Each structure stands twice: as C-alpha cells, then as structure tokens.
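Trainee: Whenever a hint applies, use it, and build me the whole structure from the sequences.
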Amino acid sequence: MTEEDLINEAKKEPRWGQHRYLIMVSSSVLAAFILVIISMYIYNNSGAAQLDLSRPGYDASVRQQASQSTDDFMSYPDSGELDQPALDDFKRLYDKQSKQATGIDAFGDDVLSDESLQIEAAK
Amino acid sequence: MKMTIKDKILFIFFGAVVACLAVSISASAKDSSNLSQSQADMIVQNCTQIQATLSSIHSSDALLRVNRGQTYELIASRLMSPMNTRIAANNLDGASLIQLTSDYSDDLSDFRDTYISYERQMAKTIRTNCHKSADSFYQNLVKTRQLRQEVHEYVVDINKGIRDYEKAFDSFRKMLTLKGSTE
Chain A
1 MTEEDLINEA
11 KKEPRWGQHR
21 YLIMVSSSVL
31 AAFILVIISM
41 YIYNNSGAAQ
51 LDLSRPGYDA
61 SVRQQASQST
71 DDFMSYPDSG
81 ELDQPALDDF
91 KRLYDKQSKQ
101 ATGIDAFGDD
111 VLSDESLQIE
121 AAK
Chain B
1 MKMTIKDKIL
11 FIFFGAVVAC
21 LAVSISASAK
31 DSSNLSQSQA
41 DMIVQNCTQI
51 QATLSSIHSS
61 DALLRVNRGQ
71 TYELIASRLM
81 SPMNTRIAAN
91 NLDGASLIQL
101 TSDYSDDLSD
111 FRDTYISYER
121 QMAKTIRTNC
131 HKSADSFYQN
141 LVKTRQLRQE
151 VHEYVVDINK
161 GIRDYEKAFD
171 SFRKMLTLKG
181 STE
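Residue numbers (our numbering), protein chains in the order written: chain A, 1 to 123; chain B, 1 to 183.
Possibly wrong hints are sitting among the right ones.
List time: in silico BS3-like cross-link candidates among lysine-lysine, alpha-carbon distance up to 30 Å [as the list claims (entries may be wrong)]:
#1 A:K91 to B:K174
#2 B:K160 to A:K99
#3 B:K124 to B:K143
#4 A:K99 to B:K124
#5 B:K160 to A:K91
#6 B:K160 to B:K174
#7 B:K167 to B:K179
#8 A:K99 to B:K174
#9 B:K174 to A:K96
#10 B:K160 to B:K143
#11 B:K179 to A:K91
#12 B:K143 to B:K132
#13 B:K179 to B:K160
#14 A:K96 to B:K132
#15 B:K160 to A:K96
#16 B:K167 to A:K96
#17 B:K167 to A:K91
Quick caveat, the hints were computed from the structure, so don't treat them as lab data. Bear in mind that the values here come from a model prediction, so they are computed numbers and not experimental data.
Mentor: The structure is reproduced here in structure tokens:
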C-alpha cells in the first residue's frame, strides 16, 4: 500500500471520523465539567456545604473540635415492654442528652453587635 | 364602567394609605441599617480586624452547627422516635409525645434551612470589601444579624421542644405508674 492509497483511504472517512479522538477527549472533558457543575450545585444547595468543616475559609482547628463519633450517644431500644426499669432507663438517657443540648445558648446575636465589632456610633 | 366621585375618593384614600404604609416600612427597614458617618469611618479604619472577627465567628458557628445539629438529630432519632415506637408497640397512648416529636422535627428542619441562609449571608458579608464600601458592608452585616437572630429563635424553639418532650414523658410515666399501681 502506497502513501497515496493511505491518503485516499483517509479521505473516504467521514469528517467526524477523522477527528474522533479529539471529539472523544472534548466530550469527556465537557461531560466532566457538566457533572462538576451539577455536583457543586447539589453540594451548595443541600446544606452539605454548611456542614463541611474542611472548606477553605474555616480555621483548620475547628475540624479537630467537631464530634468525631456518635457512639457515646446511647440509643434507646424501640422494642420491649414499657415497665418501670425501661422508663427509668429512658429518663436517665434523655436527661443526660437534654442537659447537654439545652445547656448552651447557641447563636446569640450579641457577638455581631456594633459594640462587639467595635463599630459603635460615637456618643 | 364609570367611577363615581365617591369611588374616586375611596380609591385615592386607599392609595394614600398603601403609599404611607410602604414609606413607613421602607423607613423602618432603613433605620435598622442606618450607618452614621462615625460608624462608617470606624468600619473603614477597623476593616481588617472586623473581617478577622467575622471569619472567626463564621468558623466557630460552623463547628457549633455541626455539633449542636448532631445532638439535636440524635435526640430525635435515638431517643424520641424509639420511645414513640415502643409506646405504640405496647398499645399505649403516646399521641402527645408523637405530636411533640413532629413539632420538634419541624423546628429542626427550619433551623437547618435558616442556618443555610445565615451562613451564606455571613460569607457574603465577609466577602464585602469594607475598605471601599462601608455602607454596603454594614447593610450585609445587618442582614446577617437578622438571620442569626432567626437561627437563635429556632435554637430556643428546639430547646423548648426538648424540655416539652421531657415534661410530657414525665406525665406519661406518672400516668403509667398510677395505672400500674391501681391494677
């Protein structure tokens, strides 16, 4: 097969067939780009972004302070007889978690006051 | 259809009332984000420090959201729901506890949604250039405060929900103990 035959054979290929590798790579990149946009949209709108402590902009130290495990939070069994010991058991578990949960006055607005941020109007 | 003079007067009167209301609402909104010249100067002067403080609050809030949120979710999923299921399985009346759990879940859902808005607004405030546009920065800060206040109100509601469930459980327990002693 001569060089001329090879050129003639290549010319017989449809136009897209001549650039199929380029088309394949471009469509892969485009598909990846679209998937990244979709996943970023879901990440930002599902509330996952707000729970992601590894995001840029957060102090690195906060990651270590996050509760790593929920194993110490005892689960109350959802089956069995409801006798006095079972009720006492629930009361004990609930009291412990209730105190922990309600013990902190979270998200008080005083930290964002003019006074706290030192932008109080001069008197 | 032709309007009579009486209709026209009524129309003008209601138009004026609506306009007055719109002006007063707009004025009260402006009042809360009114920035004096001395405050604007302080914002520009302390801009870097304010931004650092806000970033620190942003980080600590994220941590608080993760830890508090986890505790709130677990109280519902590991304590309230199993107890309600167990009450139902024992053919006892736990309607009030189920209602309180449902209210608690609603508050928790509102807390999650409001926190997302608050976090976005906080990030927007941090991104605002307070050196160049103190006024715009302050307006964003006021919005952030309002959303933080909303988040705080939901936290108060959630805490109330936890305590209410506890009280309802105590009543349920008392009722069950009395029932047991009479049988």
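Trainee: Where does the structure disagree with the numbered hints, that is, which hint numbers, in rising order?
Mentor: Hints 4, 14 not satisfied by this model.
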